Amino acid sequence: MSDKKVIEVKNLVKEYKELRAVDDISFDVYEKEIFGLLGPNGSGKSTTINSILSLLKYSSGNISIFGKEMTPDAYDIKRDIGVIFQDVAVFQELTVYENIDYFCGLYIRDKKQRKQCIEDAIELVSIGDYKKFYPKQLSGGLLRRLNIACGIAHKPKLIFLDEPTVAVDPQSRNSILEGIKKLRDDGATIVYTTHYMEEVEQICDRIIIIDKGKIIASGTRENLKKLAKIEERITVEIKKMDKEKLEGFKKLEKVTDVSYEGHTLVVSFSGGKNNIANMIDHLRNNNFSYRRVYSERPTLNDVFLELTGKELRD
Amino acid sequence: MTVFNAFLKVIKKNLGTIILYTVIVVFFAAINSRTDDSSTQFVGEKPDVMIVNLDKGTELSGNFEKYLTDNTNKTEISGGDEAVSDALFYREISCVITIPKGYEKTVLEGKTPEIEIKSAGTQNSAFVKNIVSSYIRTQNAFASSGENKAEIIKSVNSALSQKASVAITSKLNTGALTKLANYYIFSSYGLMSCILFIICIVLTSFSETTIRKRTIISSMSYKKFSANLLLSCFTYALAVWILFVVLAYFMMGSIVFTMRGAAFMLNSFIFILTALSLSFMLSTFVPEKNAITGIVNVLTLGSSFLCGVFVPAAILPSWVLSIAKVLPSYWYVDSCNKLAEVENLRSNFMPIVINMGILIGFGIVFAVLGIIVSGKKRKIE
Ligand SMILES: Nc1ncnc2c1ncn2[C@@H]1O[C@H](COP(=O)(O)OP(=O)(O)OP(=O)(O)O)[C@@H](O)[C@H]1O
Ligand SMILES: [Mg+2]
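Chains as they are written, first to last, in the working numbering: chain L, 1 to 314; chain V, 1 to 381.
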């Protein structure tokens with residue numbers, strides 16, 4: 001990540017008739033970072049991206065990309081942008097290879113150069129075995145990968161990915177996330193939207209969290225995690241539990257919350273160092289028969305919960 | 001080239017459909033030329049014709065009727081309109097000629113009477129139409145020079161007896177022309193199917209919201225993209241048209257490239273432009289791709305039936321034909337029929353030009369509707 005700004009968004013507002021889908025959002029994206037746009041369904045992520053790309057007429061605000069004002073006919077800017085939309089956009093009549101060839105051809109006219117680009121894109125999302133397949137014949141995950149290949153084959157410097165992993169199997173998801181990291185390592189700047197916490201935690205350098213069109217938090221993932229009140233969460237599988245015994249856990253040091261459901265006990269701590277040791281002592285002293293014990297650091301979900309009082313995922 | 005290449009690939013994927021429609025057309029054209037071959041044997045003989053004289057008792061209509069009776073095989077069909085229409089359909093008779101009421105009066109006023117000829121679309125009927133128009137023209141020439149009834153009859157009869165052989169061996173090769181006309185009429189079904197089907201599929205693909213978004217965000221300007229797409233569609237339609245013209249040449253030979261053949265070609269060229277425009281409009285209306293095959297089939301089959309592509313227009317009930325007038329195919333077919341019948345193309349070209357104008361009008365209306373609807377669709381944001 002450098003300190004060169006690739007995107008500058010200032011006071012972006014997009015209103016649909018009565019709804020303020022994007023409500024005065026400002027942020028910068030720096031060169032060679034993976035910038036995460038995190039928010040629940042309907043929070044305005046896609047609207048923000050479509051406005052940045054001039055695909056939508058936004059109500060007010062300023063947007064510049066590569067230091068130039070972004071407009072619908074800023075073709076010199078568009079040349080260096082790649083977009084992967086939320087919905088898969090491919091031709092049913094064309095094969096995997098032909099689809100990538102077509103979309104890449106909108107940017108690169110030279111045949112030889114294009115061929116190399118297509119091969120690189122196919123390799124990046126590892127769909128080499130499916131070159132001659134038609135979209136109908138691909139699984140959901142492979143289709144998503146093809147969708148990505150179509151968006152990045154022309155080697156853009158700035159890439160937007162709008163929820164590229166929705167409804168995707170874990171294998172494809174990992175392949176996609178690895179691919180994105182590789183693109184960044186090769187020098188691209190990436191704007192990534194999702195409503196999956198884990199993904200943001202896994203790959204994003206900086207993050208903004210939006211809810212109802214407003215930015216409710218921003219920073220690096222470490223910065224953001226500090227916003228969560230809890231520091232550690234310990235989960236234990238316990239066969240039996242009663243109310244009295246549950247209350248007992250609350251007396252442990254720095255415990256903020258205790259819950260028991262479906263043989264699983266979850267205890268949250270606001271800080272402290274020996275939480276796990278204390279926990280195990282407590283379990284032994286009270287003759288609990290327990291199986292697994294594991295500890296987690298707080299997630300962005302906790303941050304979101306803390307900030308909005310609701311879970312990120314429904 | 002990118003757009004055109006994608007277009008070609010879509011065509012390749014649907015080549016089967018194109019071949020199917022082409023084979024249908026060739027097949028029917030082949031059948032058509034066979035039936036006509038068998039009827040050629042009868043050309044030397046007189047065609048079976050039913051004559052209805054509504055101006056009975058007048059000398060001029062009497063003479064005309066006699067002339068017709070001499071030159072054809074006069075046949076009576078009893079049993080009313082339906083029986084007549086059946087007789088036409090089964091080709092028991094070639095034509096029904098109706099001499100209108102007030103025929104003599106019209107002639108004496110120096111005007112041209114309207115002779116109604118219902119035909120079964122065979123080459124015999126083209127022959128009948130020729131002798132009728134030849135009689136009426138000759139008669140008209142004497143009538144307008146101020147001769148009285150008796151003089152008219154005498155002059156016409158002597159003029160026509162000299163011309164009798166000329167009429168039959170007139171330069172117009174009616175048999176081949178009828179074949180050509182039938183081919184062009186039938187090929188309209190193939191042309192329309194091939195163009196509507198492929199162009200609709202391509203255009204709906206390209207204008208699907210997500211794909212359109214990808215196109216807009218690319219570094220190719222949308223104007224350039226649209227121009228490319230339009231050009232690709234036109235090139236495809238042109239190729240289909242050339243295919244059908246070449247097929248006509250293989251099946252019917254050099255008549256395809258005579259003056260009259262060229263008029264048929266022009267007519268069908270204008271028809272493909274209208275079909276292109278119609279496909280564009282359809283593509284903005286179709287709810288989803290899967291519906292295209294159904295919609296296109298209903299449209300092409302329906303309009304082909306109504307407009308007299310599969311059965312000769314002349315034997316369709318008049319209410320069907322008046323409905324058919326709102327369809328482009330009607331005007332196309334009408335031009336083909338006229339082109340096969342008129343003896344002197346140059347002096348009778350106007351009605352055909354008007355038909356072509358109507359076809360172009362249809363094309364413009366479809367295009368404008370398409371632009372309005374696609375504009376509305378785009379505004380949803
Ligand atoms: N064309 C439109 N007309 C009216 N309202 C719209 C339109 N498009 C989106 N919205 C509304 O704007 C809000 C933001 O939508 P947007 O698609 O940007 O959310 P999102 O964060 O991308 O959600 P998701 O995770 O479901 O993709 C939603 O409440 C949505 O209903
Ligand atoms: Mg979205």
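Hint data in this document are derived by calculation from the structure and do not stem from the laboratory. In this text, all values refer to a predicted model and were calculated from it rather than measured experimentally. There could be a bad hint or two in this list.
Said to hold, decoys possible - Here are the computed lysine-lysine pairs in the DSS-like style, where the Cα-Cα straight-line distance is at most 30 angstroms:
| hint | chain 1 | residue 1 | chain 2 | residue 2 |
| --- | --- | --- | --- | --- |
| 1 | L | Lys251 | L | Lys240 |
| 2 | V | Lys56 | L | Lys136 |
| 3 | L | Lys111 | V | Lys325 |
Stated by the list, open to error - To give a feel for the contact side, a few chain V residues facing chain L, derived at Cβ under 10 angstroms:
| hint | residue |
| --- | --- |
| 4 | Met1 |
| 5 | Thr22 |
| 6 | Ile24 |
| 7 | Lys154 |
| 8 | Ser155 |
| 9 | Phe206 |
| 10 | Thr215 |
| 11 | Ser219 |
| 12 | Trp319 |
| 13 | Ser322 |
Where a beta carbon is used, it is the ideal one built from N, C-alpha and C, also for glycine.
Cross-check of the supplied hints:
no.: 1; hint: L:Lys251 x L:Lys240; in the structure: 19 angstroms, holds
no.: 2; hint: V:Lys56 x L:Lys136; in the structure: 73 angstroms, violated
no.: 3; hint: L:Lys111 x V:Lys325; in the structure: 50 angstroms, violated
no.: 4; hint: Met1; in the structure: 8 angstroms, holds
no.: 5; hint: Thr22; in the structure: 20 angstroms, violated
no.: 6; hint: Ile24; in the structure: 23 angstroms, violated
no.: 7; hint: Lys154; in the structure: 73 angstroms, violated
no.: 8; hint: Ser155; in the structure: 69 angstroms, violated
no.: 9; hint: Phe206; in the structure: 8 angstroms, holds
no.: 10; hint: Thr215; in the structure: 7 angstroms, holds
no.: 11; hint: Ser219; in the structure: 4 angstroms, holds
no.: 12; hint: Trp319; in the structure: 42 angstroms, violated
no.: 13; hint: Ser322; in the structure: 40 angstroms, violated
The structure shown violates the earlier hints numbered 2, 3, 5, 6, 7, 8, 12 and 13.
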